[in-house]
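Given next are the chains, with one letter for each unit.
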Amino acid sequence: MGKGAAEMGKGEAYGKAPVIPRPRQAESKSKRGVKFKHFLPYLLISPLVIWILLTIFIPLSTVVRESFYSAGFVGTESEFVGLQNYTEVLASGAYWASWKNSLIWVVGNGILQTVLAYSVALYLNKSSRISNTARTWMIIPWIIPTIVVAIFWQWIFNGSYGIMNAVLMNIGAIDQPLNLLGNPTWALPTIIFINSWHWFPFLTVLILAALAGIPEELYEASAVDGANKFQEFWHITLPSLQHISFALGLVGTLWMFNIFDIIYALTEGGPAGSTTTVSIQIYQEAFEHFEISSASAMSVVTALIMLVFAIVYIKFAAPKED
Amino acid sequence: MKVLKWIYAIFLTLLIVFPFYWVAISSFKLPNEILQPDLFPNAWTLQHYKELLVDTPYLINLKNSFIVSLGTMLITVLIVVPASYAIYRMDFKGRDFFYKLILATYIFPAMLLLVPVYQLMSTFNLVDSLWGLIIINVTFAAPFATWLMSGFFKAIPTALDESAAIDGAGTMRILFSIILPLIAPGLATIAIYAFVVSWTEFTFASILIASEESQVLSVGLSQIMGQYTVKWGWTTAGAMLTLLPVLIFFAFAGKYFVKGLTEGSVK
Numbered sequence: 004m005g006k007g008a009a010e011m012g013k014g015e016a017y018g019k020a021p022v023i024p025r026p027r028q029a030e031s032k033s034k035r036g037v038k039f040k041h042f043l044p045y046l047l048i049s050p051l052v053i054w055i056l057l058t059i060f061i062p063l064s065t066v067v068r069e070s071f072y073s074a075g076f077v078g079t080e081s082e083f084v085g086l087q088n089y090t091e092v093l094a095s096g097a098y099w100a101s102w103k104n105s106l107i108w109v110v111g112n113g114i115l116q117t118v119l120a121y122s123v124a125l126y127l128n129k130s131s132r133i134s135n136t137a138r139t140w141m142i143i144p145w146i147i148p149t150i151v152v153a154i155f156w157q158w159i160f161n162g163s164y165g166i167m168n169a170v171l172m173n174i175g176a177i178d179q180p181l182n183l184l185g186n187p188t189w190a191l192p193t194i195i196f197i198n199s200w201h202w203f204p205f206l207t208v209l210i211l212a213a214l215a216g217i218p219e220e221l222y223e224a225s226a227v228d229g230a231n232k233f234q235e236f237w238h239i240t241l242p243s244l245q246h247i248s249f250a251l252g253l254v255g256t257l258w259m260f261n262i263f264d265i266i267y268a269l270t271e272g273g274p275a276g277s278t279t280t281v282s283i284q285i286y287q288e289a290f291e292h293f294e295i296s297s298a299s300a301m302s303v304v305t306a307l308i309m310l311v312f313a314i315v316y317i318k319f320a321a322p323k324e325d
Numbered sequence: 336m337k338v339l340k341w342i343y344a345i346f347l348t349l350l351i352v353f354p355f356y357w358v359a360i361s362s363f364k365l366p367n368e369i370l371q372p373d374l375f376p377n378a379w380t381l382q383h384y385k386e387l388l389v390d391t392p393y394l395i396n397l398k399n400s401f402i403v404s405l406g407t408m409l410i411t412v413l414i415v416v417p418a419s420y421a422i423y424r425m426d427f428k429g430r431d432f433f434y435k436l437i438l439a440t441y442i443f444p445a446m447l448l449l450v451p452v453y454q455l456m457s458t459f460n461l462v463d464s465l466w467g468l469i470i471i472n473v474t475f476a477a478p479f480a481t482w483l484m485s486g487f488f489k490a491i492p493t494a495l496d497e498s499a500a501i502d503g504a505g506t507m508r509i510l511f512s513i514i515l516p517l518i519a520p521g522l523a524t525i526a527i528y529a530f531v532v533s534w535t536e537f538t539f540a541s542i543l544i545a546s547e548e549s550q551v552l553s554v555g556l557s558q559i560m561g562q563y564t565v566k567w568g569w570t571t572a573g574a575m576l577t578l579l580p581v582l583i584f585f586a587f588a589g590k591y592f593v594k595g596l597t598e599g600s601v602k
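Chains A and B are the protein sequences, given in the same order.
This note's numbering puts the first residue of the first sequence at 4, with every later residue one more than the last.
This note's numbering puts the first residue of the second sequence at 336, with every later residue one more than the last.
Chain B on its own, in the form it takes in the complex (with noise of 0.2 Å):
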């Protein structure tokens, strides 16, 4: 039996673990040998990424991506803030019916705006622009966004306000000097929430950006894919330095994202 557990154990391991480093191994071995299926490179090359960084528009792509999952991530948080403080802290008149409202974004496939956003973003003009994507990102991150916050909310005692009111603070002062650093973890989880979104999203981006100055990674790397299936030497480094800015990121904030996604799913 504790065999058996262990065996399994093993095998979910290196069901997560694998293929993140046979793409790694890949992406350095010599063009000749990258179709051997050797665990272990011969010799090791950069040639790829070389390659990559020179005869792509990797670099371009990559800035792109940096500019638009920024850019949602900061809108994202400066809306979801104010509204969740809003649907978790105060009592107004159709409070129930915007948080649904809000939530309620979840039932529509995103499928189904695809035609009317593309053709919503070319009555403004925002076809094959990055705040294009940048708006549409930001309508998918902030529902969830904004349901994350409800624990950490309600973590806050709320007697806390109550005695910053009765010493005469105001609702602003009481948001900006009580709550807002009480709710840090939190606006790290969604501001990282936010970032991911943007960063790994391809359907819109594949149809709201034509030209190649504009194109973010996802679908400039699905491009590279594509048109040079053979060249599996760029693909694959494409892939590894797709991941390198998640993993960058995540090796510091993670361990406060996934506390913050358990956190603020549970309560």
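So that you can see chain A by itself, here it is in the shape it has in the complex (with noise of 0.2 Å):
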């Protein structure tokens, strides 16, 4: 029993573990009761456990050791080459292109789908019927199928009989046709938009949710000495969303980063390169050029760089407990 005590101290992290304090009664069965005790949270994590490591983690040494090797695509002999593979990654104009653009994408999506997640939340922050309603359905974009986003943009931003098009030429803002998707300045930026709107709904209900967070007291107080509308956001709202800011800036940036299907399904990383991100230029290293030991060098240089990405931002970005 004391063992179980001990640990308890640890369980507060997640709320408070119970102690079930065994019956005195059961004491003939109480051997097998406290093996089979000690054994059964290994047994219900165990599924999810082993799954994640048979899909993840071993998949994850495998891209480890195939980029130490020469090898073209499955089934195909290959040898040992050493940091060949890391001299040539390391060394490609194209793959540090591609990070120049994944940059642009992650920071024009974080921006894009904040302002337009923090503006829905604002004004659905109140509980009226309709406000309400509209947080269940508001949702809806981002729990479509990505395919279905990019035939929706493609359909109104098409260059040739697109709406958009249609709109703008009727209102005398420009005499020719755009062609957004096909222009190597305009691609990356539509895409920015057309995947923020696919995203921004999911961020705004982790907004409205850490909104309905802070305390009525908090407002009412400020309320008393004498405070405007802008201090209380400043001085209230803001720093109480700063726990999830900080958790999204972390993983929103990796989800973010990793996006492949909507670029490759409008672009596929066109034109001239144009909207190649380091996944759809992994993705075309491997599936395209059927190079994989390159795309394997690839993909650890990304993860390593991803990595020292999450320590610095939990190292110098996380908010101070107050």
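Quick caveat, the hints were computed from the structure, so don't treat them as lab data.
It is possible that some hints are incorrect.
[Claimed, not checked] As a list, the in silico DSS-like pairs of lysine-lysine whose alpha-carbon atoms are at most 30 Å apart: (1) B:Lys340 / A:Lys232; (2) B:Lys489 / A:Lys129; (3) B:Lys594 / A:Lys232; (4) B:Lys337 / A:Lys232; (5) A:Lys232 / A:Lys129; (6) B:Lys337 / B:Lys435.
[Stated by the list, open to error] Pulled a few chain B residues facing chain A out of the computed Cβ check, cut under 7 Å: (7) Ala344; (8) Leu347; (9) Leu365; (10) Asn367; (11) Arg508; (12) Ser512; (13) Ile514; (14) Ser553; (15) Ala574; (16) Val593.
Note that the structure is a prediction, hence the values are computed from the model and not measured.
All residues carry an ideal CB built from backbone N, CA and C; glycine is no exception.
Hints given; two lone chains; assemble the complex.
The structure is reproduced here in structure tokens:
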């Protein structure tokens, strides 16, 4: 029993885990009971852990191994080449050019989604009937398949007969139809916009959740102190959102960085490589050029950079506990 | 100031709603009118829907998508609920480690896994099989689902399991007869989440499935879009039909899902 009590302290990070006292009369069964009780949590957690080990950590170890070999596609002969794949990747201009696109992609999505999500959240942060219904339905863009999102906007932005061009030409803003997705300058910003449209509702829900968690008394107290709306937002609302903002800064960056499908569905990385992000680059290397080893080395380098980002971010951006 | 607020609200609403309206309207237009920017069709037709169902493998894709999504949903719930019960309600050595291990899956880009997962699946003969897709979709749905469950478990007072234990109920009985009914909204939330993740997944489906009879909707639709770019009638009708199951599902469960997402993420 002493051990159970000692471990209770650790459990508090997750809320209080109950220490369940064993009834006295079960003494005769207690030996088997203790064993089972000790074993049970591992039994409950094992399916999920094994699943993840098999489908993520074993494949990851294959990537690391492949990156030291020369291999084409599945089933071809391969030999150990040491760091050769890595030196090639590090010297590859195409790889680093894709990093530039990825940075624009992540930052652009971050800014646009934050603006959209905060706007909508501040409108809906009251409990009227309309805002309750709107809260439920505004999440739809997030739950629909990416390919449907791609179709929506390709149809609207279409360079020959899209509605956007028709409207802009009608009001005289342009003389020639614009082909946004076919233009090396505009393709990336356009897909950033489309992807932000797809993802911002999810962000809105999380922000609304965080806003709902702010105690009403804080606002009442500041009203008594004579704070105006702006001061209220700056001194109460924003600081209260710092935990969720911190978490989203990390998870959101990783999520956005990894996005592949919408870009591939709309432009396949073109025109002229202007929308080739790191994800697209790795995909093309592996499944279009069949350079598995090189793609693996790229993956490892990319993962290491992301890991460094995560560590630095957690170290410097973590909100201070008060 | 107030006027600006209204204008911005209308802008945001249009931004969200217009694409749905425009694609829906287009899918009902006659082939010779679909390319014209009329905000309302002059005549309505179901022609594109009929052709889509007859001339493309849409229905097969739909069936496959349902199998994969329901399979993913079921397995995710079955493995996440026991695991989150252990993590959030029990004390054991290594709990912290396992919890972090599950969440660490987010650091690794899915793109990294594309090649090795393909190799892994081909070793086990799961390429071009719906099982392969189900397996990998569970992997992507389960960690976030586990995280979502925390709010639901924390909302249940621990005194409840304690008093049940004093009454002599075993751990398994506590889980089934006391905890499960209380976390039912959480179950619904992660079930919908897993379904949606699977329904919308594109990347792995596009490399793991090669044959037409095993293809799922998202990839099938991208092929319709790619092969018949001129056929905007099919493309818009396909988009609407792919949306429909999600919308129907959401009309019943949407309220609980958004509430669950909110509760799961704050606590």
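Subject >> Those earlier numbered hints the structure runs against, lowest number first >> reply: Per hint list: 6, 9, 10, 11, 12, 13 violated.
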